[in-house]
Every structure is written in structure tokens, then in C-alpha cells.
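> Could you put the whole structure together from the sequences, leaning on the hints where they help?
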Amino acid sequence: MSRESSDQNVLTVEHLQMQFATRHGVLKAVDDVSFSVRRGEILGIVGESGSGKSMTAYSIMRLVDAPGEIVGGQVLLNGQNLLDLTEEQMRRVRGKRIAMIFQDPMMTLNPVLRIDTQMIEAVRAHQSVGKAQARVLARDALARVGMSAPDERLLAYPHQLSGGMRQRVAIAIALLNQPELIICDEPTTALDVTIQGQILQEMQMLCRESGTALVWITHDLAVVAGFADKVCVMYGGKVVESGDVQQVLEQPRHPYTGGLIASSPSRNKRGQPLRQIAGAMPSLAELPSGCPFRTRCPHATAICATMPPVDVQGRHMWRCFHPLQQTTGVTHG
Amino acid sequence: MDKPLLLELREVSKRFAQPADVVDRFVRRLRRQAQATKAVLAVDRVSLSIRRGEVVGLVGESGSGKSTLGRIAAGLHVPSSGIRRWKGEDLDRMHAAERRRKQLGIQMIFQDPYASLNPRLRVRDIVGEAPVAHRMIETTRQTEFVADLLQRVGLDAHLAQRFPHQFSGGQRARIGIARALAVQPELLICDEAVAALDVSIQAQVLNLFMQLRDELQLTYLFISHDLGVVQHIADRVLVMYLGRIVESASTEELFARPHHPYTIALLAAAPTLDVKKIDFHPLRGEMPSPLQMSAGCGFHPRCPHAMPVCRERVPDFKEIAPGHFSACHLDDPR
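Sequences listed follow chains A and B, in order.
Going letter by letter, the first sequence gives residues 1 to 333 in this note's numbering.
Going letter by letter, the second sequence gives residues 1 to 334 in this note's numbering.
What the hints contain is simulated information worked out from the structure, not anything from laboratory work.
Positions of the beta carbon are idealized from the N, C-alpha and C atoms, including for glycine.
One or more hints might be untrue.
[To be verified] Cβ pair distances, simulated, as ranges:
| id | chain 1 | residue 1 | chain 2 | residue 2 | range |
| --- | --- | --- | --- | --- | --- |
| 1 | A | Ala-143 | B | Arg-101 | 54 to 64 Å |
| 2 | A | Met-107 | B | His-165 | 18 to 28 Å |
| 3 | B | Gln-211 | A | Thr-86 | 56 to 66 Å |
| 4 | A | Ser-289 | B | Ala-256 | 41 to 51 Å |
[Claimed, not checked] In silico EDC-like cross-links for lysine to aspartate or glutamate, where the CA-CA straight-line distance does not exceed 20 Å:
| id | chain 1 | residue 1 | chain 2 | residue 2 |
| --- | --- | --- | --- | --- |
| 5 | A | Lys-131 | A | Glu-121 |
| 6 | B | Lys-38 | B | Asp-21 |
| 7 | A | Lys-269 | B | Asp-274 |
| 8 | A | Lys-269 | B | Asp-235 |
| 9 | A | Lys-269 | B | Glu-54 |
| 10 | B | Lys-318 | B | Glu-11 |
| 11 | A | Lys-269 | B | Glu-252 |
| 12 | A | Lys-96 | A | Asp-116 |
| 13 | B | Lys-87 | B | Glu-186 |
| 14 | A | Lys-269 | B | Asp-214 |
| 15 | A | Lys-269 | B | Asp-226 |
| 16 | A | Lys-269 | A | Glu-286 |
| 17 | B | Lys-102 | B | Asp-90 |
| 18 | A | Lys-269 | B | Glu-253 |
As C-alpha cells, this is what we get:
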């Protein structure tokens, strides 16, 4: 563990592997995933359902239950490998050093407790402060995420708040203990676009100000485009392409990324058929050998049955034997 | 634009009333207060006409009433007031049997491909039940009929023997489309029909909609919160907010020159694939609960241009450019 080289990185994930042992055999849900996030940086992880993006997040938090198991790799939080910690030590990391926000805020909130009870509990679980002081911290956190009348909101029950307000409470709870890293699993997917816009802007500001690193998991490339600094595109449990947002979106090299961008309605001419990716993502049990995308890929050849090597160009990484040409990128409509 | 009118809604409203519960009624009687019912005006005097061959997009956030309007159009909700005409005939003044027959021409495709298919029926029965029940085909022809339809929506005919849980989300969406097509509709109402699908599958289903439009001369009312999808597929777009239509124009016009402050904010907030840092000022606040509707324009609590008149009077829905309608007091003559 080289503390020197990674002092910039809040989170470094190296060759992470997580799998499920089922009666259909071993399913590799997270297969050799590596990425890093720096202070104040926002990393977007993009993928369709079943791509392994949520399991990557759960693996970082070590929230994987049997039959799932983390079988390899490292998760370094400011140089410390979380996979070496005991369960007791890990409990002190969750909610304190890494916070997580889910798609459904009701997964975070207890429906029968008032907001203040829940927030004070979250503060006192990790800091030795009195109830009154914890309450002040809770109130400040609510104000920071743009809640109007935070004192009144503290007395509300979750069902009295709208979906957007509940998600703000979940974000405020995540901020309570000033974590080094926040992992967000599709937090704005269920919200309206105007509310999503508000939350994206507030999260971006909070990260820049406090230096918190952010991992933002989404299925929507467009959310990442305006919001993240770096992006990882996942498919079949593997990172197939990663790099700076601009590089990846403007010069995609992996055919899957290229296909995703090309199939977006805004990149197509009105009235003409959308350029679609054929077929559907195979289930983990049916993943082909080698490149997971090869059964749907228009460029696939015999060599794709072996695992493609990682190609790197600066900070841009992709895994493909037949990368898209840089000049003929699919970027212009 | 001179194609014949297919469906016409004139000033339709839908009010959902929740009667006061027993305790509340009792307390009010003791205090000699008037009995109150909580009512939500989900759709407020909306007019809409759809011509043959058109694709009309209906855009709005959750709670705007777009799904209720879609259900009124499909005949699943009876409007509280207003007129619903199908090819010029008033649907709500017909005999029930005749109305049922005419309404077969309007079919609906729902958002959730998991919840809208009966898990205990085989695809053969999900798709084939309605045409048999309405005596459009003989029972003996059902298998053959379903096989044809499945092929039309891009599914293999032998899948007809399977149950819904054996399909992926994209395949279920196709089954939902096949079911709607089974009674040979002329108008399809798609309520967030692609919202639950993954991006790569969404493109496939949208392409199928376009292909069916050409093959079967279908007309669509396409309800969606996704502006990118509506921009791609629709000829004309209506924007709804709190039960009213606030703006309507052809798709090119609306996206090039949005006029109503709400439409402008909505377009600014929609994420696009262009790499740009968020620098817009997102709309403040949230859509108020329709239970606590304030007077005047529904958008005034969030509108950056709100004036005193906006709190008092509902703006008229007026033509601001040829074919471009908007409901905003900023356009009032001064």
C-alpha cells in the first residue's frame, strides 16, 4: 500500500472481484474493477441494469451478503484497505468515513421515527456530542441541502415529505459526519427533472466546498455528462471504458459506449429510426467468454472470445480488440 | 394538418374527491360546521384534439395530471365535466355497448411492463383474450393470430406458450404493445411506455413504435417525462403543469422557441449528453400539492417572472405565434 502515490486519492479500487456462488455456477458480478476518486472529484459509474454497478458500491461498503462474496482486490480509503478491517472496525467506517445514498430514500429513513430522532442518532453513533448539539448539526445539515424551514422539517415524519424532500434528508444524513467519500446509487432516478437539477447542483457545490469525493452511480449518461469529472462505463461486471467525461463522451473507444451515446434520442435525427444496440444484456449466468459485449457487438470477431487487454491513452482506458476510431467517433449527430 | 380529427377532448376536467371519514364527519356535525370533502382537480378544463396519423407528445412532471388526461382519453376515467368525441361522435352520450365497441379503437400501453401483464396467463392468452372476447377472431384462430402479432412486434412466435416472468423488461414491453395491437386500434396512448427500460432497449422499443406507425397508420398520444424521447418521436408537444396545459406547439417550434417560463425551466433542467458544467439556475421549490392549489396561475409560486396578476387570475391559453399556444400573463396586452 503506497501511501505516497495515492495521497491524492480518497478512494482507490484495485482489481475488485465479487461473485455469487449459485447452483448455476459462480457468477462474477464484479470482475476486475479498478478506479480511483480524488478529493472533491465526482466519478460517474454508468451501466444498464445487471452491469454490476450497484454491486461495486455494495462491495466498497462491504455490504455484500452470502451467497455473494468479495474474492479479490483492494478497496483503499485514503490508503487503508477496507477489506482487511474487522466487521467492528468497518461499522465505524460506514456512515462516518463513507456515506451511502440510495435510489429510494425510504431505504435510508425509518418511517415511524421523526427526522430529528433519526438524524441525532446518526450523529451520536459516530461523535461524542450531546443531544442538543447533535440537533444543531442536524439542522445545519438540512439547511445546507437547501431545505426551507429546517426547524419544522426536523419535527416531520418521512411520509409528510415529498420524494425530493426525502432524498434531501437522506443526503443531509450522509453529510452529518463529514465523510471522506459519498457513494450515491441512482439518487435522482425517481425524481422529476427540475428537482434532479436542484439536487445535482447542490451536490456539486457541496463536494467542491468540502472536498468530499463522490461516486455517482446512474444508468443515464446524460446526468454524468453535465455533472461528473470522470466516468466508468460498466458492462457485464467489467469496466469496459473509463476516463475524463469529455474524452469518453466525445471520443468513445469501446463499441458499447459508442452505441449508448448513438442510441440517445438527442444524437439522432428526428423522424429517423434511432441507432440501436441489438439484443439485450445477457444475464450473468449467460455471459460469453472473453469480452462480455461481443454477442451484441457489430465489430466482434473470433479473437473477442478471449479477454481483451486494457488499452490506455493518458487517463482514457478501454478494453476492446476493435476500438472505435478516434476520428470517426459517433459523437456528431 | 387537414387530416380528419380522431379524438377530441373539449374542456375536460377530472376531480377526485375523498369523502371525509366518519370521525371527521362526526366532529364537524358536533361543531355544526359544513361537511367538507377533500378534492383534487387533477385535470382542469383541458382541450386536446388528435388528428389521424399524428404523434402528440404530452410532457409534464409527476403530479401534473398527464396520466389522468391519458386515462380520460382512453376512456378509463370518466371526465367530471367536458366532452369526449371520437371521430366526431360524443362518446359519453352513446349506449354503453356501442361506446365499448368504439373505444376499442383507443388502446393504452402502460409504463410498468412488470405490473401490467397478468402473471398467471400465458402470452397467448394475454394477447389473444381481447380479440376473442370482442368476437374479432374465432377461438380456433387464436394461436395463429397471436403468432402473427408477436412477429410484428419482434418476438418469436413460439414464445406464446410462456408466462410473463420468463421475459426481460424489453420483451415484456413488446408483449404489452402486442396486446394493445390485438384489437386493431387506431390510436395508441403510451403512458411512459419506455420509462422503465434500459437505454439500449429504449431505443429498440421507440424504433418499433415508429415502424408500427408506418405499417399500421397508427396515431399516438405519447405521454412522457423524458423530453429527449418526446422530441424525437412527437410531431406536436403539449406541456402540462398542475392539471392545465401551459404550452403547445409543433416539436421544432417548442424546442427551438420555448415560451412559457415553466417550459423554459424544464428544457434547461433536462440533462443532455453535451459535456457542460451545470451553470443554470434550477427552478426553485416543488410543484405544490394539488390539494392546496392557490388561485391564479399554477406556476406562480416557482415562476421567476411572477407578477401580482399571476396570483389572482388564471392566464388564458392563447395563440402567440401561428400554431404556438401558451398560457402566461406575460403575453397579456398592456
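> With a cut-off of 20 Å on the C-alpha distance, tell me whether Lys-102 (chain B) and Asp-90 (chain B) pass.
Holds, because 11 Å separates the two Cα atoms, which is no more than 20 Å.
> Given the proposed pairing of Lys-318 (chain B) with Glu-11 (chain B), does the C-alpha separation stay at or below 20 Å?
15 Å, holds
> Is 56 to 66 Å right for how far apart the beta carbons of Gln-211 (chain B) and Thr-86 (chain A) are?
58 Å, holds
> So if I understand the rule, the pair passes when the alpha-carbon distance is 20 Å or less; does Lys-269 (chain A) with Asp-226 (chain B) pass?
Holds. Lys-269 (chain A) to Asp-226 (chain B) sits at ~17 Å (cutoff 20 Å).
> Just to be careful, I want the Cα atoms of Lys-87 (chain B) and Glu-186 (chain B) compared with a cutoff of 20 Å; is the pair within it?
11 Å, holds
> Between Lys-269 (chain A) and Glu-253 (chain B), is the straight-line Cα distance small enough, at 20 Å or below?
16 Å, holds
> Can you confirm whether the C-alpha distance between Lys-269 (chain A) and Asp-214 (chain B) stays at or below 20 Å?
Status holds; Cα separation ~17 Å.
> Given the range 54 to 64 Å, decide if the beta-carbon distance of Ala-143 (chain A) to Arg-101 (chain B) lies inside it.
60 Å, holds
> For the pair supplied as a hint, Lys-96 (chain A) and Asp-116 (chain A), confirm whether the alpha-carbon distance does not exceed 20 Å.
The given pair, whose Cα atoms are some 18 Å apart, holds under the 20 Å limit.
> Against the 20 Å threshold, does the CA-CA distance of Lys-269 (chain A) and Asp-274 (chain B) hold or violate the hint?
16 Å, holds
> Within a Cα-Cα threshold of 20 Å, do Lys-269 (chain A) and Glu-252 (chain B) meet the stated pairing?
Answer holds: Lys-269 (chain A) to Glu-252 (chain B) is near 12 Å, not above 20 Å.
> Does the beta carbon distance between Ser-289 (chain A) and Ala-256 (chain B) stay inside 41 to 51 Å, or does it fall outside?
Since Ser-289 (chain A) and Ala-256 (chain B) have Cβ atoms about 49 Å apart, the given range 41 to 51 Å holds.
This entry does not satisfy hint 16, going by the numbered hints stated previously; all others are met.
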